[in-house]
Amino acid sequence: MRQFRTKLVIPAIAATAGAVIVAGCGGPTTTAAAGAAGPAPVVTEQVMPGMSMPPAGITASGQDTPVATNAVSIQNFAFTPAIVTIKTGTTMTWTNRDQDSHTATAMSGPFHSPTLNTGQSYQYTFTTPGRFDYLCTIHPFMTATVVVTP
Amino acid sequence: MNTPPPSIGPKTATGTGTEAGSAAGPGSMSRRQLLRHTAWFGAAVVLTVAGGEVISHLGGAPAAAALIQDPHALRFVQISDSHLGFHGPANTDVTGSFSHAINQVNTLGFRPDFVMHTGDLTHLSTPAQFDQVRQMLGALRTGQVFTVPGEHDSVDDHGQKYRAMFGTGTHGDGWYSFDVKGVHVIALVNTLALEKLGHLGTDQLEFIRNDVAGLSSDTPVVVFSHIPLFAMYPAWGWGTDDATQALSYLRRFASVTCLNGHVHQLFTKTDGNVTFYSATTTAYPLPHPGQGPGPIPLTLPAGQLGTALGVRDITYQPGQHALAIRDRRLT
Numbered sequence: 001m002r003q004f005r006t007k008l009v010i011p012a013i014a015a016t017a018g019a020v021i022v023a024g025c026g027g028p029t030t031t032a033a034a035g036a037a038g039p040a041p042v043v044t045e046q047v048m049p050g051m052s053m054p055p056a057g058i059t060a061s062g063q064d065t066p067v068a069t070n071a072v073s074i075q076n077f078a079f080t081p082a083i084v085t086i087k088t089g090t091t092m093t094w095t096n097r098d099q100d101s102h103t104a105t106a107m108s109g110p111f112h113s114p115t116l117n118t119g120q121s122y123q124y125t126f127t128t129p130g131r132f133d134y135l136c137t138i139h140p141f142m143t144a145t146v147v148v149t150p
Numbered sequence: 001m002n003t004p005p006p007s008i009g010p011k012t013a014t015g016t017g018t019e020a021g022s023a024a025g026p027g028s029m030s031r032r033q034l035l036r037h038t039a040w041f042g043a044a045v046v047l048t049v050a051g052g053e054v055i056s057h058l059g060g061a062p063a064a065a066a067l068i069q070d071p072h073a074l075r076f077v078q079i080s081d082s083h084l085g086f087h088g089p090a091n092t093d094v095t096g097s098f099s100h101a102i103n104q105v106n107t108l109g110f111r112p113d114f115v116m117h118t119g120d121l122t123h124l125s126t127p128a129q130f131d132q133v134r135q136m137l138g139a140l141r142t143g144q145v146f147t148v149p150g151e152h153d154s155v156d157d158h159g160q161k162y163r164a165m166f167g168t169g170t171h172g173d174g175w176y177s178f179d180v181k182g183v184h185v186i187a188l189v190n191t192l193a194l195e196k197l198g199h200l201g202t203d204q205l206e207f208i209r210n211d212v213a214g215l216s217s218d219t220p221v222v223v224f225s226h227i228p229l230f231a232m233y234p235a236w237g238w239g240t241d242d243a244t245q246a247l248s249y250l251r252r253f254a255s256v257t258c259l260n261g262h263v264h265q266l267f268t269k270t271d272g273n274v275t276f277y278s279a280t281t282t283a284y285p286l287p288h289p290g291q292g293p294g295p296i297p298l299t300l301p302a303g304q305l306g307t308a309l310g311v312r313d314i315t316y317q318p319g320q321h322a323l324a325i326r327d328r329r330l331t
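Those sequence lines, one after another, are chains A and B. Numbering follows the numbering used here, in which position 107 of the first sequence is assigned residue number 107; successive positions increment by one, without gaps. Numbering follows the numbering used here, in which position 318 of the second sequence is assigned residue number 318; successive positions increment by one, without gaps.
Same shape as in the complex, but just chain A (with noise of 0.2 Å):
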């Protein structure tokens, strides 16, 4: 799946040499279908190999993995760890070691950071047990999880 997407995609941006860039990524796929009556979807599925896959990348070996601990690094676009183990009363201090600004934002929960530039830390204090997921805001994909015990 990956080949085939890098043969689409990369030379659709890479290799066109005019001022003019291939509109999708879909040009040799397409013409086939050019004239043709066929109701069938002209970009097919193969060119959408993330659809039916479960999440991928996040569940690296040892990342979910809870760890006790109540500081987390956000670095390289990631929240680590991913998931850790609080007791309740305990403040966590994320701190951000990206160039890029970050925040750490409950999900469904009590806590939402600012803004962190680098270098900047946000300190919570739980005091309710539960499970807390959270994300970035500005980057929604990095996810993580606070555990927090009786």
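Keep in mind the hints are simulated off the structure, nothing from the lab.
To give an idea of the interface, some chain B residues facing chain A are shown, with a C-beta separation under 10 Å as derived from the structure:
1) G88
2) T191
3) A193
4) K196
5) W238
6) G294
Computed beta-carbon distance windows for the label pairs:
7) B:D179 <-> A:T118: 45 to 51 Å
8) B:T331 <-> A:S121: 42 to 48 Å
9) A:G119 <-> B:D179: 49 to 55 Å
All C-beta atoms in this analysis are idealised placements derived from N, C-alpha and C, irrespective of residue type, glycine included.
Since the structure of chain A is already known, use the hints to place chain B on it.
Relative to the frame of chain A, chain B by itself:
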């Protein structure tokens, strides 16, 4: 420079396109501009959507040339993901790149009926960044400028600053629709839920259902959103979790074209009567789906950034049920 500045926002949408169109007929095109058009067509693949079917015209297709010369044709521009306020090696001058893109739109050789910016106008939603992007959008030579928000435009306030500046005349959290030259245009907001994927929500879904209820099924429909309405790569949040419901209201239409940003790269997918086109960015490229640990800004070798950035123009000619979409790199 002798044209008035565009109206920004949807408040005077209806009818404006007609005005703009009549002001920009082919008669105003200089010979030099016409030659430049010929050059574009010579290098372009034009995808024409006819009755939900994609037909590509390679090279200087006469059909494409006819589209651009029809004074009744709807011509509009999509720009996206300008990220004003971004500082990083992937683009050390996003303001300059956006200015470049605006200049490119202003020298297309025709005055687009409207320009739509599909979100991530700013990088961090600061008042200064919003002020800057609004001023820069005001330099576009077009009848009207529209926007939809990206997640970077609602970093800390659920979109309040965005709506204060761009939300006049919109519904709910900033969605709206309008009709121009026979085309029904819907602008959606799918960036406000605190979720990894895009989300429309029940209020907006209901808006879509009611909005199209009275339309004839042969009305061409164009849908704008920031995050793709198709599952381009859910692992990176490149999809909208309740888009299927929204698209179910559009299944009866002969031609539906969904134009999005967010992914900073060109991508096309056809699903029945609906064709999806992801646009590129004016700021910095992101990796192709699954290449690398995440959608992290890509730093290209020196001198190559412009090849990844671009603007898109779209033409619709009444009676042909056809949309022609062209993506141009920043030159």
